[in-house]
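*Asks:* Each chain, letter by letter, is given below.
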Amino acid sequence: MKTEIRTILLAEDNPRDVELTLEALSDHNLANNVIVVRDGVETMEYLRREGKYKQRKTGNPAVLLLDIKMPRMDGIEVLRAIRSDKLLKMLPVVMLTSSREEQDLIKSYELGVNAYVVKPVDFKAFIEAVKQLGVFWAVINEAPPLGNNR
Amino acid sequence: MDDLNAVEILIVEDNPRDAELTMRALRKNNLANNVIIAEDGAEALDFFFCRGKYKKRSIANPPKVVLLDLKLPKVSGLEVLKIVKEDKRTSHIPIVIVTSSRQEPDINEAYALGVNSYVVKPVDFDQFINAMSSLGLYWLLVNEPLK
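Sequence lines, in order, name chains P and F.
Position 17 of the first sequence, counting from 1, maps to 17 under the working numbering, and the rest follow consecutively.
Whatever position you read off the second sequence (first residue = 1), add 1000 for the working numbering.
One chain only, chain F, in its complex shape (with noise of 0.2 Å):
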């Protein structure tokens, strides 16, 4: 991904498997052209930021959809969702908590925070697929986000 501003999706996960099976999901679907890997949740806010190694990147060209983990090294999905939903200047980009915890505090928590959308990673293969395939068509094809 050379053109930071041509972003649509962020996926900000640490676990490389997980982001490597999205990304199938993505290309099977040819949603994967114009995507970006955030590995913890302080790269994630450099890069809604503009900051970092995302200096480059216009704040007036927001992705349209970001998928954010839950566990994340550094920073914390709920304190990067948090930050980012709290900024004018963000809070408008979809963000969606995509991680393997059901638990009631942290669905309640995301909601809280003005998340978008909650999904719980399937643990079988092919519901994974299949729910980061709609995940994707959805909110790439759909969805209308705010310029």
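The following block holds chain P by itself, in its conformation from the complex (with noise of 0.2 Å):
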């Protein structure tokens, strides 16, 4: 198991949400390396180190959480640039979101996605799987190297 934990990119637009995600990240200590983007526009601002994103320091995240429902670019849109892009193609991504569309599955898998998790209602149920699921995308999955970057 890796000691040292990279940076866990959340996209997400609803602020209660975003919350509740890093109240359950923060059980594992995996809050501190949680950044948060509002948008599809902003997370591919992160991601290809643009915009307020220049001086970030190079590399990709160990995951990007992805919501799908979001202003300016969705995050299916968000999954196409992505996998479309030499230097980001091989990023984890994990969609979390409230659709359990057949449809946002179905394109999301064919596009290439990581790993599709629907937001429980309930929530405790909520917690529960965003701890799960930061524990092993943060922790237990080896991330890519994090090979050239911009």
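One or more hints might be untrue.
[To be verified] Simulated coverage check for chain F against chain P, where a stretch passes if three residues somewhere in it have a Cβ under 8 Å from a Cβ of chain P:
no.	segment
1	1105-1111
2	1116-1129
[Claimed, not checked] If you only want the chain P side, here are some residues facing chain F, beta carbon under 7 Å, derived:
no.	residue
3	LEU105
4	TYR109
5	LEU111
6	GLY112
7	ALA115
8	TYR116
9	PHE126
10	LEU133
11	VAL135
12	ILE140
13	PRO144
14	LEU146
[Unchecked claim] Between beta-carbon pairs, the in silico distance windows are:
no.	chain 1	residue 1	chain 2	residue 2	range
15	F	GLY1052	P	ILE35	42 to 50 Å
16	F	ASP1124	P	LEU146	36 to 44 Å
17	P	VAL121	F	GLU1109	34 to 42 Å
18	F	GLY1052	P	ILE5	37 to 45 Å
19	F	LYS1055	P	ARG100	30 to 38 Å
20	F	ARG1024	P	ARG56	36 to 44 Å
21	F	SER1100	P	LYS89	20 to 28 Å
22	F	ASN1033	P	LEU87	38 to 46 Å
23	F	PRO1016	P	LYS86	34 to 42 Å
24	P	ILE5	F	GLU1020	45 to 53 Å
25	P	PRO120	F	ALA1112	28 to 36 Å
26	F	ASP1087	P	GLY59	31 to 39 Å
27	F	ASP1087	P	SER98	24 to 32 Å
28	P	GLN55	F	GLU1086	39 to 47 Å
Hints are computed from structural coordinates only; laboratory data are not their basis.
From the three backbone atoms N, C-alpha and C, an ideal C-beta is built for every residue, glycine too.
The task is to assemble the complex, starting from two chains supplied on their own in separate frames and drawing on the hints.
*Replies:* Here it is in structure tokens:
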């Protein structure tokens, strides 16, 4: 198991869901490594080190937790952009969404999502799911090497 | 495991000790009821595509996750991964490479072929059990596969 935890990028426009996600991740001391972006455009700016993220350190996050319904650019479009960008295409992407719509599931798996998690409606179940997810993707999964960066 | 269409986890592992430890971790979390173990890459492919002794399985009932070792007899893990991810009927099935290799070329190759996740087997016994528990809980109870 790894000792160094890489960044978790959370793309989520709902402040309540952000709050709950951070709370769930704090249990395993993962919350300090979370960067929150509020829509699809900001997500791509972070990943491509553009706009207000021009100065950030190089390197991809360990995982992107990606909401589907977001302003400006939705999660499906973000996933498509990531998979067609040669510097980003191996980034582990987990959809974290309220949508259980078959079309979103099919589209996401078609575009090569790594995993798809439906946000449980129940508070406790939500916390538990995010905990499992956080530990698995930040601690157990071996992310692709940092590789070359823009 | 009698009903091949109820398989939730396929473990592809030629090392009996590692297979047993993984089963132990899954049992601890009540996740071991619908598990099947294939001992080489050729058997894994028979499972995926419902051939040979898996003829009675329907491709419409995919497992929720496949744990795939890299170094396997007959057909290697990367070769299995490539075949499964290139076939539209099976490309959506979550595959987790579970291996002792932390080598960058293996990790890169696996992600390039579309692996869903890559887990390095911890050498330490307790850490191995913990990692497999976390893996099982996450992929069986949290992740939403395509039916």
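*Asks:* With reference to the structure, classify each hint as holding or not holding.
*Replies:* Hint check results:
1. 1105-1111: holds (count 3)
2. 1116-1129: Holds: 7 residues of the segment 1116-1129 of chain F have a Cβ under 8 Å from chain P.
3. LEU105: Holds - the Cβ of LEU105(P) comes within 7 Å of chain F, reaching about 6 Å at its closest.
4. TYR109: 4 Å, holds
5. LEU111: 11 Å, violated
6. GLY112: This hint holds: GLY112(P) lies near chain F, its Cβ roughly 6 Å from the closest one there, short of 7 Å.
7. ALA115: 5 Å, holds
8. TYR116: Since chain F brings a Cβ to about 5 Å from TYR116(P), closer than 7 Å, the hint holds.
9. PHE126: 11 Å, violated
10. LEU133: 6 Å, holds
11. VAL135: It holds, given that the least Cβ distance between VAL135(P) and chain F is near 5 Å, below 7 Å.
12. ILE140: At 5 Å from the nearest chain F Cβ, ILE140(P) passes the 7 Å test, so the hint holds.
13. PRO144: 5 Å, holds
14. LEU146: 10 Å, violated
15. GLY1052(F) with ILE35(P): 42 to 50 Å: 48 Å, holds
16. ASP1124(F) with LEU146(P): 36 to 44 Å: 25 Å, violated
17. VAL121(P) with GLU1109(F): 34 to 42 Å: Hint holds: Cβ distance 39 Å, inside 34 to 42 Å.
18. GLY1052(F) with ILE5(P): 37 to 45 Å: 43 Å, holds
19. LYS1055(F) with ARG100(P): 30 to 38 Å: 33 Å, holds
20. ARG1024(F) with ARG56(P): 36 to 44 Å: 42 Å, holds
21. SER1100(F) with LYS89(P): 20 to 28 Å: 26 Å, holds
22. ASN1033(F) with LEU87(P): 38 to 46 Å: 42 Å, holds
23. PRO1016(F) with LYS86(P): 34 to 42 Å: Given range 34 to 42 Å: holds, Cβ gap about 41 Å.
24. ILE5(P) with GLU1020(F): 45 to 53 Å: About 30 Å separates the Cβ atoms of ILE5(P) and GLU1020(F), which means 45 to 53 Å is violated.
25. PRO120(P) with ALA1112(F): 28 to 36 Å: With a Cβ separation near 33 Å, PRO120(P) and ALA1112(F) satisfy 28 to 36 Å, so the hint holds.
26. ASP1087(F) with GLY59(P): 31 to 39 Å: 33 Å Cβ-Cβ, so the 31 to 39 Å window holds.
27. ASP1087(F) with SER98(P): 24 to 32 Å: Given a distance of about 31 Å, which is inside 24 to 32 Å, the answer is holds.
28. GLN55(P) with GLU1086(F): 39 to 47 Å: 40 Å, holds
In this structure, the earlier hints numbered 5, 9, 14, 16 and 24 are contradicted, and the remaining ones agree with it.
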